[in-house]
Amino acid sequence: MSLQTDSKSSATTMPRFEGDAKRYLRGLGGLTAFLIVWWIGAMMTQPSYLVPGPVASVRAFVDLFATSTAIVVPVLGSEMVLPTGLAHLAETLFHYVPGLLLGAGCGISLGLAMGWNGALDDWFRPLVRVLRPIPPLAWVVFAIVWFGIHHTGAAFIVFVGAFWINFYGAYGGVEGVSSDLTDAASTLGVERDLSMLKLVALPSAAPQVLTGFRTSIGRCWMIVVGAELFGAPGVGYEIINASNNLAMATSVAYMFLISLAFLCMDVGFRLVERSVLAWR
Amino acid sequence: MAMNKLSSTARESSQKISIRSVSKAYESTHALDEVSFSVSEGEFCCVVGPSGCGKTTLLRAIAGLDDPDSGSILVDGDPVTEPSLNRGMVFQEYALFPWRTVRGNIRFGLDRPACACADCEARVRELVDLVGLDGFEDAYPKELSGGMKQRVGIARALAVDPEILLMDEPFGSVDARTRDRLHAELLDIWAQTEQTVVFITHDIDEAVTLADRVVVMDADPGTVQSTISIDLERPRERTAHEFVDYVARIRDELGSPRDISQK
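As they're listed, the protein sequences go chains A and B. Going by the UniProt record's numbering, the first sequence opens with residue 1, and the numbers climb by one from there. Going by the UniProt record's numbering, the second sequence opens with residue 1, and the numbers climb by one from there.
Possibly wrong hints are sitting among the right ones.
[Said to hold, decoys possible] Some chain A residues near chain B, calculated using beta-carbon distances under 8 Å:
id : residue
1  : Gly176
2  : Asp180
3  : Leu181
4  : Gly189
5  : Val190
6  : Asp193
7  : Met196
8  : Pro203
9  : Thr215
10 : Ser275
11 : Trp279
What the hints contain is simulated information worked out from the structure, not anything from laboratory work. All values reported here derive from a predicted model rather than from experimental measurement. A virtual CB, placed ideally from N, CA and C, is assigned to each residue, including glycine.
Given only the sequences and the hints, what does the whole structure look like? Please build it.
Structural data, given as structure tokens:
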């Protein structure tokens with residue numbers, strides 16, 4: 001039985017590999033076509049700052065790493081000198097990372113608690129219904145009033161964004177735990193509710209919890225740039241700062257930088273996910 | 001039925017499981033209506049019946065997973081109120097923990113509440129050997145065929161050495177050849193462990209192959225139609241004259257019109 005499926009899968013390996021190569025080539029073709037359209041479009045547009053061309057943008061990107069900038073590390077208060085691009089990226093991470101981790105931690109905790117405990121769910125569900133639809137950026141006014149628009153304020157907005165995505169990941173995950181599994185566990189000696197949560201509900205919800213977290217990584221990049229457009233330091237602020245000087249190529253360079261940072265985090269987290277969820 | 005009730009009261013003390021007038025209703029259906037029968041120590045008891053006759057509900061009640069609306073279930077003379085390690089359960093759809101390996105699944109019960117066995121790893125090895133899964137200790141359930149999954153399910157239930165094994169149509173989703181092999185293996189294990197087995201099925205052949213006694217149930221409301229002792233040497237030959245007679249008799253019972261006086 002298993003032998004049969006083995007031979008079948010090895011038979012399909014070769015064509016699939018060739019198919020992959022073909023798909024990569026197509027992807028490369030799409031990218032090239034885009035670059036050409038962009039390049040021609042930029043050449044034909046006047047004044048030139050309206051659409052900075054690919055060459056100018058790449059040059060601006062390289063320039064981000066040719067100069068250095070000093071930034072202040074929050075909490076420690078010490079100064080740090082880094083290549084300009086990395087310096088501003090670090091500034092963003094100073095509020096992005098704490099906001100994401102704290103938001104994910106709180107969101108997952110509340111999601112698990114509400115998904116697992118019916119009474120708690122009854123208590124908080126209406127509140128969740130009301131608060132959930134508020135876009136995280138709408139909280140910017142309170143971020144400013146409460147914390148000032150600096151690292152703490154921006155972190156707060158990221159927190160709100162990360163909170164809800166992770167909340168729903170955990171909530172849905174725990175709600176979807178199969179009753180067969182909890183039944184099996186109770187016939188095998190799991191008595192306390194907390195043991196059931198730890199031994200059955202959590203591992204069973206792990207895929208959805210991790211998907212929620214991975215989604216929040218991307219969503220929080222959107223939110224963090226939004227928060228920085230209001231003045232918190234970081235790459236988002238640099239995008240608007242450069243455009244104020246009509247250095248649009250530099251804006252594009254920072255956009256690339258965000259895209260790169262997100263890609264790295266996403267790929268890294270996918271690897272973690274794959275190894276944690278090897279059983280899937 | 002009346003005779004059956006009489007004999008069960010007479011032998012009450014030696015009964016491992018006594019089911020006494022158990023009723024359970026869901027919104028619109030009478031899943032169980034005044035169901036009474038007993039299972040003696042070391043007996044292999046099969047419960048057959050059409051779908052909707054409440055046989056799974058009954059098994060879950062014995063396991064302590066569901067409470068009956070009325071009536072009681074006694075195990076060793078004590079009423080069942082909650083699940084216990086003493087009553088192992090094997091599920092129709094395996095219910096393996098997908099994030100645990102074969103070893104991790106079998107080990108689950110051994111670690112609850114705390115590892116009480118002298119050498120748990122040795123115990124796990126013993127069980128892997130017993131159900132013939134050598135070499136698959138580190139495989140995840142997704143990598144196993146249906147028959148292998150159910151072997152893990154059986155090993156997991158046996159690990160804590162329960163006195164009673166409750167099986168809910170355990171071989172319903174495996175192919176016919178694998179099922180035959182699993183029947184033989186299960187009977188071997190049963191002979192070795194001397195457990196009391198309650199085995200739910202809708203397959204009459206399966207019941208006659210395995211059981212010391214077959215409890216035939218009727219649906220809507222779920223009642224005990226009759227109980228039939230199978231006096232045949234094991235292993236049993238399906239084409240044998242007596243085997244075919246038993247199957248025909250049970251099929252007759254299942255097909256017969258409901259007798260109102262029984263309720």
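Taking the numbered hints from earlier one at a time, note which ones the structure violates and give those numbers from smallest to largest. Hints 1, 6, 7, 9, 10 not satisfied by this model.
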